[in-house]
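**Student:** As you go down the protein sequences, you meet chains A and B in turn.
Be aware that the first sequence starts at 1, since it is given in our numbering, and climbs by one per residue.
Be aware that the second sequence starts at 1, since it is given in our numbering, and climbs by one per residue.
Just so you know, not all the hints are guaranteed correct.
[Claimed, not checked] A short, non-exhaustive set of chain A residues, derived as facing chain B with CB atoms under 10 Å:
#, residue
1, 12
2, 16
3, 22
4, 104
5, 105
[As the list claims (entries may be wrong)] Here are the simulated DSS-like cross-link-like pairs (lysine-lysine), alpha carbons at most 30 Å apart as the crow flies:
#, chain 1, residue 1, chain 2, residue 2
6, A, 78, A, 11
7, B, 99, B, 63
8, B, 99, B, 3
9, A, 11, A, 62
10, B, 55, A, 71
11, B, 71, B, 99
12, A, 78, B, 71
13, B, 71, A, 11
14, B, 57, B, 17
15, A, 62, B, 3
16, A, 78, A, 15
17, A, 62, B, 59
18, B, 55, B, 99
19, B, 71, B, 57
20, B, 99, B, 59
21, B, 63, B, 17
22, B, 3, B, 71
23, B, 99, A, 78
Rather than coming from a laboratory, the hints here were simulated on the basis of the structure.
By construction, the Cβ of each residue, glycine as well, lies at the ideal position given by its N, Cα and C atoms.
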Amino acid sequence: EAGVVQSPRYKIIEKKQPVAFWCNPISGHNTLYWYLQNLGQGPELLIRYENEEAVDDSQLPKDRFSAERLKGVDSTLKIQPAELGDSAVYLCASSFRGTSGRDEQFFGPGTRLTVL
Amino acid sequence: SQKIEQNSEALNIQEGKTATLTCNYTNYSPAYLQWYRQDPGRGPVFLLLIRENEKEKRKERLKVTFDTTLKQSLFHITASQPADSATYLCALSNFGNEKLTFGTGTRLTIIP
């Protein structure tokens, strides 16, 4: 079974430039998450999707960040314009919300963003 | 505000010994607690989930305890091996809320 796929793995941009990250979750997983992870810290949730609906985007800085999950499968996270403080690893995860109610999340390898 | 603390940033353990990692939380009433392993350059990998009404959960050489009175979870790796070296993250979620909040992680090194 293929895992969560993310691209690109690394991205270096100059500040004020736009950047986009792509995520393909595990087939059949209805829940998709985007996390931000700073060095030495745990992941912090940016947005959670149930199918194509964003059900928790309270931590997403909406002035510069946007996300979409078309057709409830792939997802894209965008930053425009990027700031120096956005340098971090952006992780995508997916899970299947079964009857147990709380399911493990499967993470992709992440995209390491460096803003110069 | 909610706070999750993992006992130390780094922990060195001799091979063959039991490694014990601690996760403490405040201002939180989690219904579920999960432990993940993260290797450098990779995303976290799920290890174990324990519910608030469970005291202990085991999986092979791993054991997790959950004490809602002490607001603490202990994660044990018995007969530790160098391959167990990684960062271990605890994560909590409330009942009725899907949001998973992660601790900062403990970097475990098993010394041969």
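**Student:** Hint by hint, say whether it matches the structure.
**Tutor:** Evaluation of the provided hints:
1. Annotation: residue 12(A) was flagged as interfacial toward chain B, and the flag is violated, the nearest CB pair being 16 Å apart, outside 10 Å.
2. At about 28 Å, the closest approach between the beta carbon of residue 16(A) and any beta carbon in chain B exceeds 10 Å, and the interface hint on this residue is violated.
3. The beta carbon of residue 22(A) is not positioned within 10 Å of any beta carbon in chain B (closest approach about 15 Å), and the interface hint is therefore violated.
4. For residue 104(A), the suggested interface contact is upheld, since its CB lies about 4 Å from the closest CB of chain B, less than 10 Å.
5. At about 7 Å, the closest approach between the beta carbon of residue 105(A) and any beta carbon in chain B falls short of 10 Å, and the interface hint on this residue holds.
6. As the CA atoms of residue 78(A) and residue 11(A) are separated by approximately 13 Å, the hinted pair is consistent with the 30 Å bound.
7. The suggested pairing of residue 99(B) with residue 63(B) holds, with an alpha-carbon distance near 24 Å, which does not exceed 30 Å.
8. For the hint pairing residue 99(B) with residue 3(B), the CA-to-CA distance comes to about 14 Å; that is within 30 Å, so the pair holds.
9. Straight-line distance between C-alpha atoms of residue 11(A) and residue 62(A) comes to about 21 Å, which keeps the hinted pair within the 30 Å bound.
10. At roughly 41 Å between alpha-carbon atoms, residue 55(B) and residue 71(A) are farther apart than 30 Å, so this suggested pair is violated.
11. Distance hint between residue 71(B) and residue 99(B) is fulfilled; the C-alpha atoms sit about 18 Å from each other, no more than 30 Å.
12. Of the supplied pair hints, the one linking residue 78(A) and residue 71(B) is violated, its CA atoms being roughly 37 Å apart against a limit of 30 Å.
13. As the CA atoms of residue 71(B) and residue 11(A) are separated by approximately 40 Å, the hinted pair breaks the 30 Å bound.
14. Simply put, residue 57(B) and residue 17(B) have alpha-carbon atoms about 20 Å apart, close enough for the 30 Å limit, and the pair holds.
15. Of the pairs offered as hints, the one joining residue 62(A) and residue 3(B) holds, with about 24 Å between alpha carbons and a cut-off of 30 Å not exceeded.
16. Between residue 78(A) and residue 15(A) the alpha-carbon distance is near 14 Å, which keeps this suggested pair within the 30 Å criterion.
17. As the CA atoms of residue 62(A) and residue 59(B) are separated by approximately 41 Å, the hinted pair breaks the 30 Å bound.
18. Between residue 55(B) and residue 99(B) the alpha-carbon distance is near 22 Å, which keeps this suggested pair within the 30 Å criterion.
19. About 16 Å separates the Cα atoms of residue 71(B) and residue 57(B), which keeps this hinted pair within 30 Å; it holds.
20. The suggested pairing of residue 99(B) with residue 59(B) holds, with an alpha-carbon distance near 25 Å, which does not exceed 30 Å.
21. Restraint check for residue 63(B) and residue 17(B): the C-alpha separation of about 14 Å stays at or below 30 Å, so the hint holds.
22. Of the supplied pair hints, the one linking residue 3(B) and residue 71(B) holds, its CA atoms being roughly 11 Å apart against a limit of 30 Å.
23. With a CA separation close to 21 Å, the supplied pair residue 99(B) and residue 78(A) stays within the 30 Å bound.
In the structure shown, a violation is registered for the earlier hints numbered 1, 2, 3, 10, 12, 13, 17, in ascending order.
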